[in-house]
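> Residue strings, one per chain:
Protein chains: 2
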Amino acid sequence: MKTREKIVFASLELFNEKGERNVSTNHIAAHLGISPGNLYYHYRNKIDIIYEIFLQYQSLVDGYMEAPSKQFLTVEDQFLFLEAVFEGLWEFRFLHRDLEHYLESDPRLQKDYQCFTQRCLDNISRIIGKLEDSSVLLPMSHQLRRSFALNTWIIITGWMSYLKMTAGCEGQRISKDRLRQGIYQVIHLEMPYLTPEALQRTLRLQESFKPILQ
Amino acid sequence: MKTREKIVFASLELFNEKGERNVSTNHIAAHLGISPGNLYYHYRNKIDIIYEIFLQYQSLVDGYMEAPSKQFLTVEDQFLFLEAVFEGLWEFRFLHRDLEHYLESDPRLQKDYQCFTQRCLDNISRIIGKLEDSSVLLPMSHQLRRSFALNTWIIITGWMSYLKMTAGCEGQRISKDRLRQGIYQVIHLEMPYLTPEALQRTLRLQESFKPILQ
Chain Y
36 MKTREKIVFA
46 SLELFNEKGE
56 RNVSTNHIAA
66 HLGISPGNLY
76 YHYRNKIDII
86 YEIFLQYQSL
96 VDGYMEAPSK
106 QFLTVEDQFL
116 FLEAVFEGLW
126 EFRFLHRDLE
136 HYLESDPRLQ
146 KDYQCFTQRC
156 LDNISRIIGK
166 LEDSSVLLPM
176 SHQLRRSFAL
186 NTWIIITGWM
196 SYLKMTAGCE
206 GQRISKDRLR
216 QGIYQVIHLE
226 MPYLTPEALQ
236 RTLRLQESFK
246 PILQ
Chain S
36 MKTREKIVFA
46 SLELFNEKGE
56 RNVSTNHIAA
66 HLGISPGNLY
76 YHYRNKIDII
86 YEIFLQYQSL
96 VDGYMEAPSK
106 QFLTVEDQFL
116 FLEAVFEGLW
126 EFRFLHRDLE
136 HYLESDPRLQ
146 KDYQCFTQRC
156 LDNISRIIGK
166 LEDSSVLLPM
176 SHQLRRSFAL
186 NTWIIITGWM
196 SYLKMTAGCE
206 GQRISKDRLR
216 QGIYQVIHLE
226 MPYLTPEALQ
236 RTLRLQESFK
246 PILQ
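Respectively, the protein sequence lines represent chains Y and S.
At position 43 of the first sequence the residue is numbered 78 (the numbering used here), and the sequence of numbers has no breaks.
At position 44 of the second sequence the residue is numbered 79 (the numbering used here), and the sequence of numbers has no breaks.
Quick caveat, the hints were computed from the structure, so don't treat them as lab data.
Treat the hints with caution; some may be incorrect.
Identical chains blur together in the list; that is why a pair holds if it fits in one copy or across any two.
Derived lysine to any residue pairs resembling SDA-like cross-links, with alpha carbons at most 20 angstroms apart [to be verified]:
1) Lys245 to Ser176
2) Lys211 to Tyr86
3) Lys105 to Ala119
4) Lys53 to Asp112
5) Lys41 to Gly72
6) Lys105 to Asn51
7) Lys105 to Leu224
8) Lys245 to Leu224
9) Lys146 to His223
10) Lys165 to Tyr86
11) Lys53 to Ser210
12) Lys199 to Asp133
13) Lys146 to Arg239
14) Lys37 to Asn158
15) Lys53 to His136
16) Lys41 to Gln153
17) Lys199 to Pro142
18) Lys245 to Ala202
19) Lys37 to Gln91
20) Lys105 to Leu90
21) Lys211 to Asn158
22) Lys105 to Met36
23) Lys105 to Leu214
24) Lys199 to His131
25) Lys81 to Lys245
26) Lys81 to Phe244
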């Protein structure tokens with residue numbers, strides 16, 4: 036691994052573990068056993084590292100969002116897809132914890148994130164269309180599909196926020212299991228649009244992500 | 036109006052207009068023509084003022100969330116209710132722009148917000164139940180109603196975030212109209228659960244909140 040890659044890898048690990056605000060570029064350099072000067076040679080500052088991490092996240096998501104090459108999708112494919120989405124949220128969790136703040140600090144990131152969101156919305160619409168073609172979802176109008184895709188996006192991206200704001204006492208960590216329960220809420224959105232054939236299998240698979248609700 | 040109330044009122048106005056980060060307690064004092072010392076006599080710091088503003092927001096929301104006293108609700112009642120919710124989001128918009136940051140800065144606020152969220156979820160569930168009793172929505176199971184309430188909450192609270200993250204160039208303001216388009220997305224959630232009698236009226240009323248989607 037090149038030093039540049041090592042810096043990004045170690046930063047992601049440290050940011051996720053300790054919180055980005057608690058990790059300075061000096062910490063990162065010390066963790067890697069390199070000099071701060073060497074680190075600055077590769078990245079001018081922390082926001083540059085964060086931007087690089089975002090690019091990696093973006094390429095991960097773009098990768099699995101490009102609707103799977105299979106012509107038809109099954110209920111199981113859809114769950115695998117959502118598991119990949121939430122795995123990505125987890126692997127890059129520090130990024131989502133403070134995303135709004137990073138967007139404000141870096142116009143590049145803000146611009147890229149805007150295009151990224153638009154691309155994700157297009158891809159979600161496309162996947163929904165494919166699920167209709169595969170008789171998992173009932174056919175819907177273009178407008179309904181777009182609204183559905185937008186709500187899916189807001190639930191996926193808002194779930195972490197919801198957990199953070201209700202996680203209670205400071206320092207209480209959001210666990211991977213708790214995060215993955217967002218899948219239950221995403222599936223809830225599509226419930227009324229499932230074909231009779233897909234409904235029972237979806238209900239069975241959804242059950243394992245059930246959040247603890249009072 | 037007492038000085039204490041004047042400070043809160045002016046702060047809310049200034050925070051909404053200029054952004055809370057750009058408004059110091061000195062600005063607030065100057066705006067009111069009082070000395071900084073007089074302001075500090077009432078509020079120790081800015082987060083104390085923000086907390087007071089949150090309490091006002093909370094009491095506003097609790098007020099209209101207590102399911103309307105009418106025994107039965109109409110489609111129109113529901114839209115009036117959502118308009119009140121989004122009017123509140125607009126009136127207190129600075130609070131929602133940086134809520135996560137404020138929750139981290141003030142354990143009181145974090146604790147209160149957690150209870151507030153729980154109360155809102157309970158109230159949304161209760162209103163959904165009332166809409167079922169009023170033949171606006173089809174009857175649903177307790178679990179379905181809870182998931183539905185949670186998704187409604189995430190869409191309402193996540194809509195501002197979505198707008199912020201996709202608003203584009205820095206400084207571009209989120210307009211009241213753009214914010215109110217969140218109502219379209221909330222109504223989208225309930226679309227499949229509407230009774231045949233309620234569907235047409237809902238579609239007609241929903242149309243005026245349609246967001247611009249590509």
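> So, for every hint listed, does it hold in this structure?
How the hints compare with the structure:
1. Lys245 to Ser176: So lysine 245 and serine 176 pass the 20 angstroms test across copies only (15 angstroms; inside, 29 angstroms).
2. Lys211 to Tyr86: neither (24 angstroms within a copy, 31 angstroms between copies)
3. Lys105 to Ala119: within (17 angstroms within a copy, 46 angstroms between copies)
4. Lys53 to Asp112: Neither. Shortest intra-copy (34 angstroms) and inter-copy (47 angstroms) distances fail the 20 angstroms Cα cut-off.
5. Lys41 to Gly72: within (15 angstroms within a copy, 52 angstroms between copies)
6. Lys105 to Asn51: neither (34 angstroms within a copy, 49 angstroms between copies)
7. Lys105 to Leu224: This pair counts as neither: shortest intra-copy Cα distance 24 angstroms, inter-copy 29 angstroms.
8. Lys245 to Leu224: both (14 angstroms within a copy, 19 angstroms between copies)
9. Lys146 to His223: Classified as neither; 31 angstroms inside a copy, 28 angstroms across copies.
10. Lys165 to Tyr86: Result: close neither inside a copy nor across copies, 32 angstroms intra and 47 angstroms inter.
11. Lys53 to Ser210: Close inside one copy (14 angstroms), not across copies (37 angstroms); limit 20 angstroms.
12. Lys199 to Asp133: For lysine 199 and aspartate 133, both the intra-copy (11 angstroms) and inter-copy (13 angstroms) Cα distances are at most 20 angstroms.
13. Lys146 to Arg239: neither (40 angstroms within a copy, 35 angstroms between copies)
14. Lys37 to Asn158: neither (33 angstroms within a copy, 54 angstroms between copies)
15. Lys53 to His136: both (17 angstroms within a copy, 17 angstroms between copies)
16. Lys41 to Gln153: neither (31 angstroms within a copy, 43 angstroms between copies)
17. Lys199 to Pro142: between (25 angstroms within a copy, 13 angstroms between copies)
18. Lys245 to Ala202: within (17 angstroms within a copy, 33 angstroms between copies)
19. Lys37 to Gln91: This pair counts as within: shortest intra-copy Cα distance 16 angstroms, inter-copy 54 angstroms.
20. Lys105 to Leu90: neither (26 angstroms within a copy, 53 angstroms between copies)
21. Lys211 to Asn158: Cα proximity of lysine 211 and asparagine 158: none, with 25 angstroms in one copy and 29 angstroms across.
22. Lys105 to Met36: neither (34 angstroms within a copy, 67 angstroms between copies)
23. Lys105 to Leu214: This pair counts as neither: shortest intra-copy Cα distance 28 angstroms, inter-copy 38 angstroms.
24. Lys199 to His131: Answer is both: 11 angstroms inside a copy and 14 angstroms across each meet the 20 angstroms cutoff.
25. Lys81 to Lys245: Result: close neither inside a copy nor across copies, 37 angstroms intra and 40 angstroms inter.
26. Lys81 to Phe244: neither (35 angstroms within a copy, 41 angstroms between copies)
Violated hints for the displayed structure, listed by number in ascending order: 2, 4, 6, 7, 9, 10, 13, 14, 16, 20, 21, 22, 23, 25, 26.
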